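There are 4 protein chains.
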Amino acid sequence: MLTVNRLDQQDARLLIEGARQKADEIGVPMCIAIVDESGNLVAFERMDGGKITSVTIAQDKAFTAAAARKATHEYNEKCVPGSLVFGIHTAMGGRLCVVGGGLPVSVEGEVVGGIGLSSGTPDQDMVCAQAGIDHFLTIRG
Amino acid sequence: MLTVNRLDQQDARLLIEGARQKADEIGVPMCIAIVDESGNLVAFERMDGGKITSVTIAQDKAFTAAAARKATHEYNEKCVPGSLVFGIHTAMGGRLCVVGGGLPVSVEGEVVGGIGLSSGTPDQDMVCAQAGIDHFLTIRG
Amino acid sequence: MLTVNRLDQQDARLLIEGARQKADEIGVPMCIAIVDESGNLVAFERMDGGKITSVTIAQDKAFTAAAARKATHEYNEKCVPGSLVFGIHTAMGGRLCVVGGGLPVSVEGEVVGGIGLSSGTPDQDMVCAQAGIDHFLTIRG
Amino acid sequence: MLTVNRLDQQDARLLIEGARQKADEIGVPMCIAIVDESGNLVAFERMDGGKITSVTIAQDKAFTAAAARKATHEYNEKCVPGSLVFGIHTAMGGRLCVVGGGLPVSVEGEVVGGIGLSSGTPDQDMVCAQAGIDHFLTIRG
Numbered sequence: 001m002l003t004v005n006r007l008d009q010q011d012a013r014l015l016i017e018g019a020r021q022k023a024d025e026i027g028v029p030m031c032i033a034i035v036d037e038s039g040n041l042v043a044f045e046r047m048d049g050g051k052i053t054s055v056t057i058a059q060d061k062a063f064t065a066a067a068a069r070k071a072t073h074e075y076n077e078k079c080v081p082g083s084l085v086f087g088i089h090t091a092m093g094g095r096l097c098v099v100g101g102g103l104p105v106s107v108e109g110e111v112v113g114g115i116g117l118s119s120g121t122p123d124q125d126m127v128c129a130q131a132g133i134d135h136f137l138t139i140r141g
Numbered sequence: 001m002l003t004v005n006r007l008d009q010q011d012a013r014l015l016i017e018g019a020r021q022k023a024d025e026i027g028v029p030m031c032i033a034i035v036d037e038s039g040n041l042v043a044f045e046r047m048d049g050g051k052i053t054s055v056t057i058a059q060d061k062a063f064t065a066a067a068a069r070k071a072t073h074e075y076n077e078k079c080v081p082g083s084l085v086f087g088i089h090t091a092m093g094g095r096l097c098v099v100g101g102g103l104p105v106s107v108e109g110e111v112v113g114g115i116g117l118s119s120g121t122p123d124q125d126m127v128c129a130q131a132g133i134d135h136f137l138t139i140r141g
Numbered sequence: 001m002l003t004v005n006r007l008d009q010q011d012a013r014l015l016i017e018g019a020r021q022k023a024d025e026i027g028v029p030m031c032i033a034i035v036d037e038s039g040n041l042v043a044f045e046r047m048d049g050g051k052i053t054s055v056t057i058a059q060d061k062a063f064t065a066a067a068a069r070k071a072t073h074e075y076n077e078k079c080v081p082g083s084l085v086f087g088i089h090t091a092m093g094g095r096l097c098v099v100g101g102g103l104p105v106s107v108e109g110e111v112v113g114g115i116g117l118s119s120g121t122p123d124q125d126m127v128c129a130q131a132g133i134d135h136f137l138t139i140r141g
Numbered sequence: 001m002l003t004v005n006r007l008d009q010q011d012a013r014l015l016i017e018g019a020r021q022k023a024d025e026i027g028v029p030m031c032i033a034i035v036d037e038s039g040n041l042v043a044f045e046r047m048d049g050g051k052i053t054s055v056t057i058a059q060d061k062a063f064t065a066a067a068a069r070k071a072t073h074e075y076n077e078k079c080v081p082g083s084l085v086f087g088i089h090t091a092m093g094g095r096l097c098v099v100g101g102g103l104p105v106s107v108e109g110e111v112v113g114g115i116g117l118s119s120g121t122p123d124q125d126m127v128c129a130q131a132g133i134d135h136f137l138t139i140r141g
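Chains as they are written, first to last, in the UniProt record's numbering: chain V, 1 to 141; chain S, 1 to 141; chain W, 1 to 141; chain H, 1 to 141.
Fair warning: there could be bad hints in the mix.
When chains are identical, the list treats them as one kind, so a pair holds in a single copy or across two.
Unchecked claim - Straight-line C-alpha distance at most 25 Å; calculated SDA-like pairs for lysine to any residue:
#1 51 - 81
#2 51 - 4
#3 51 - 121
#4 70 - 87
#5 70 - 140
#6 51 - 107
#7 51 - 106
#8 78 - 27
Quick caveat, the hints were computed from the structure, so don't treat them as lab data.
Please read all numbers here as calculations on a predicted model, not as lab measurements.
Make the full structure from the sequences, and use the hints.
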């Protein structure tokens, strides 16, 4: 039997809170998705003004980051024609997302979930995703 | 009427065994999928620690290799913008996988199945897929 | 943070072994799928002679049983026209399976995974799925 | 290693020929699909006037009959609310078809493929599918 740790609802709220604060600060309403370590959705918030396409994309970013234990921008870097990783962006019907903005959430070296942001530029999405994680880890202590 | 040969369950276990041994050796827990010559799943193992995204990707690699009778890394090489092969990675809803790590399994020049590995880098996946085939062919004699 | 228990590869093998023994006993080659508590595949075996359609159906039964923490035949009972449960069999593109043959696997009252059998009648599938669980629990002690 | 027999292109043409003759006789232009024993398409003909929806349905009927080694109308009989088989009609995204008109094609007791007809009533589809098989077996001798 394996024993694994995963985000609970309270953790998910902290992650969203941190991401939302940063999104407010930069003035870009976002879709924010939190998944557990298996990639299943725990919480989701579409800030007023968040994009409709981002409802799906934020979830796919969070899923990818948690389920593959890798940031989506890291896949993006390697997913260039001629690289053996190229093509992974169409896996799972395109659910495996290589657009920047999905980060695994780790506690004590173990991936316990994922966060995905979408509606801004990938750089904005990444900054907000990281802000969510920073807030979560700070409050958790 | 056509007569074709295909992997049976015992063959599939040998393929998995060889791949798993190599995965253990390089310290990367993998998802390992074996399909028959028509691309249908015969056996699957997610080693403890294998990635969730790899559950699908390993199967798609094995499917592609067997059903197209071509290693996924060979498709990858040609699947670059400007090549007429480009775009094949989105076929079948992305199930046709061009990420390295899927190999056809041949016996006496005939493709009898496919093996797909996922969770490491493509190079690691390819090495373990080949190790599965080597083990299978050695034991078979 | 939540802490959850889930089947590992060794557990999955025991479940498959018990199910396969019963399938051999009744003379019906089966597809056998084992998933973890989140519904993700851990191990799969298509016995020689198992049906191609059962490759998917066995996995979907196991997924449903684990992810909904309910036997597929229990959904089946309630999934009749006029019942408010009716229609659940089309959820998730039909992946939510209400055909008998999928059972949650529980240890000390906690669902730690699921087993799905397909290729026989639902009754045969259910008997083999239960045999897998019995074998697993007996060996585990 | 397993050795299996499957329809070749010549066999497929005989099956289509027999089905088409019957469709002409009853005055209903049909879609006719022939798959191999693994459920993969070998030949397809949309008679002038065949329905567009039937392009998919004929293929799904043939697939189901071959891959599950069972006539689609036999599934239909059992796929009634309250039966443990109910719900199987949504499996594989609905590709598992329980509408009458799909028959496995057997030679010497072994399923070597499937035939699926669509565009008429299920009874008409079934009659034409059977006519295809009769023609095939007669010519084969």
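To see whether the hints hold, each was checked on the structure:
{"no.": "1", "hint": "51 - 81", "in the structure": "between (29 Å within a copy, 24 Å between copies)"}
{"no.": "2", "hint": "51 - 4", "in the structure": "between (34 Å within a copy, 14 Å between copies)"}
{"no.": "3", "hint": "51 - 121", "in the structure": "within (12 Å within a copy, 28 Å between copies)"}
{"no.": "4", "hint": "70 - 87", "in the structure": "both (16 Å within a copy, 16 Å between copies)"}
{"no.": "5", "hint": "70 - 140", "in the structure": "within (22 Å within a copy, 34 Å between copies)"}
{"no.": "6", "hint": "51 - 107", "in the structure": "between (30 Å within a copy, 18 Å between copies)"}
{"no.": "7", "hint": "51 - 106", "in the structure": "between (27 Å within a copy, 15 Å between copies)"}
{"no.": "8", "hint": "78 - 27", "in the structure": "between (30 Å within a copy, 22 Å between copies)"}
Comparing the model with each numbered hint stated earlier shows that all of them hold.
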